[in-house]
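Using the sequences plus the hints, can you model the full thing?
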Amino acid sequence: MTLQDHSAISRVMRSDRGIKWFVGLLLAAAVLLPLGHLLFPPESSLHVSTYTLGLVGKYMTYALLAVSIDLIWGYCGILSLGHTAFFALGGYAMGMYLMRQIGTRGVYGDPLLPDFMVFLNWDSLPWYWHGFDMFWFAAVMVVLAPGLLALVFGWFAFQSRVVGVYFSIITQALTFALLLAFFRNEMGFGGNNGLTDFKELLGFDLQASSTRVGLYVTSALALLAGVLVCRWIVASRFGRIIAAIRDSESRTRFIGYRVEHYKLWLFCFSAMLAGIAGALYVPQVGIINPGEFAPINSIEAVVWVAVGGRGTLYGAVVGAILVNYAKSYFTMAWPEAWLYALGVLFVLVTLFLPKGVLGLVQRFKRAES
Amino acid sequence: MSMLKPLRDFTERDRVFDMVNPALRSPKLDVSHGTVLYLEDISVSFDGFRALNDLTLYIQAGELRCIIGPNGAGKTTMMDVITGKTRPDSGSAFFGQTIDLLRLSEPDIAQAGIGRKFQSPTVFEQHTVFENLELSMAGPRGVWAMLYAKLNAEQRKKIDSVLELTGLQDLRFSLAGSLSHGQKQWLEIGMLLMQEPALLLVDEPVAGMTPQETERTAELLVSLAGERSVVVVEHDMEFVRSIARTVTVLHEGSVLAEGTMDQVQSNPKVVEVYLGEQV
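Residue numbers (the numbering used here), protein chains in the order written: chain G, 1 to 369; chain V, 1001 to 1279.
For the record, the hints were derived by calculation from the structure and aren't laboratory data.
Errors might be hidden in some of the hints.
Only some residues are given here: those of chain G computed to face chain V with a beta carbon under 10 Å [as the list claims (entries may be wrong)]:
1. S236
2. F238
3. G239
4. S248
5. T252
6. R253
7. I255
8. R258
9. H261
10. W265
11. L266
12. L360
13. R363
14. F364
Facing chain G, from chain V, some residues (calculated, C-beta under 7 Å) [stated by the list, open to error]:
15. L1102
16. F1124
17. L1135
18. S1136
19. M1146
20. A1149
21. N1152
Distance condition first, Cα-Cα at most 20 Å in a straight line; then the derived EDC-like pairs of lysine to aspartate or glutamate [to be verified]:
22. G:K327 x G:E300
23. V:K1085 x G:E260
24. V:K1028 x V:E1227
25. G:K58 x G:D197
26. V:K1085 x G:E186
27. G:K58 x G:E200
28. G:K199 x G:D110
29. V:K1157 x V:E1196
30. V:K1085 x V:D1054
31. V:K1158 x V:E1227
32. V:K1085 x G:D247
33. G:K355 x V:E1125
Just so you know, even glycine gets a beta-carbon here, dropped at the ideal spot from N, CA and C.
Here it is, written out as structure tokens:
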């Protein structure tokens, strides 16, 4: 047996059947759901509605966020309780592009200014809104804005050796600060209402079902690519080093690794991934507002990872989809119970399933064999 | 008064400022004067307790030095100062003639060539034995390089040879956490060897080892001395006697006596410190 095979593909797939199952299922979902939508007439029982596509597409973006959290939490022990801040920043970057695409079709018909700026009697576009009429610029900002914030924040936090629960608390403070900032009208991001009333993306009508299918497939493929790239990272020697940092940070320093650099790189990468997830989320739900920065959202995202099982990547995907499906169900069937259900779920998982749902599956398999 | 100190430092005219004399990033070890480690007048206090008290100690290149002393003599604190974990209140510490240890971080010091084995074995328990050695291997430590790093045949051979030397070849794919105490000690010694340090600091290497294992450790340490310098802190007098050429006795944070084992043992001051203990 060669310990490290030389091709990138084998490095990603090696010694794990779970990842093969995951890739197969995700590809199937990426193909079958749109087929079900396009091939079967609405009255057929096999028909997949636009609503379902949008819902599953949204879950996919949540799953990508969960993967970005699992990468730093499961593999490097950094528990960020502010990761939806990066998700929301990516979402805002995409939202700004979509706002600029509205053009004269807004309520006030101003060719340059989005509606909320006209409403606030602004006469010119703020400097940071320039460039967002171009998709490539917005796409760059989707990763750059969260990445830069993570770089600055992470640099200070890791350089000062802020670890464990203290790090988690300041990430909560970070996302709360951004929540308050984005609520302000003067910030120029639409204040309380955020950005909404989007019309088209790259010339495609956002209401058209073909665009919905396109967004769904893009989200599924982005999730697949995200998981595979993360696998590639954690299967490298870099991956073994971050796991070493998780298990014994000072020991890793004493064999000569600059722990801060490793953490910072990983944190920035994870933030960028969360940003991409946010950018795919916004056109599918049609709105981005400061509520996305709410500290509770970040905690919820961490619960998804815990439920699915840390340190496997696809466990995070399973957790995100399971919990969000439960959430969709609960909020329809019994709305006021959802937060309690979430709390109970987290307590139960922590007490009885320390390795999440996937850990349970593994335990059953071991019991069989 | 302490507030005035930075000002005083600034007005001293015979002094070269740190900023015009920057620490070398990856300096080369220079032992042309035959001394690999210079510790001079090192003092460290923790909340008023003086762990090190004007400690002055020189280690020759290629030497095997044993350091003994009663509990609280400052042995571990001394290692902490050398490896950058603890910054002294005063004094200077140089690795070779050129490398100022007090201005380097822990990873920089490790990369400059000082390896450390801890008192209680600290290995990466969730990694296999092989991976533990791979991570300790001397070489580049940059983030990007590690993303693409692959073992070449030579590095593989190096790991194999260390596995053989430490007797862990059959356990290479076992998790380090599943090893026995003695095996963990050996693994940590192996990790130290992989780092190829010029100076090895070994804290109580034979604690928890069987007599046979202790003997093998003694052989290994003796064989390492010569091309590398080895500093061993140990309580086991039998072990110290079996390997040591020069012994340094620490007491209350400074050097009490230095010499061969016999000289040290007949030193009345040492006998007094170890009163009642068999030296």
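Ascending list of hint numbers which this structure does not respect: Of the numbered hints, 12, 13, 14, 15, 21 and 26 do not hold.
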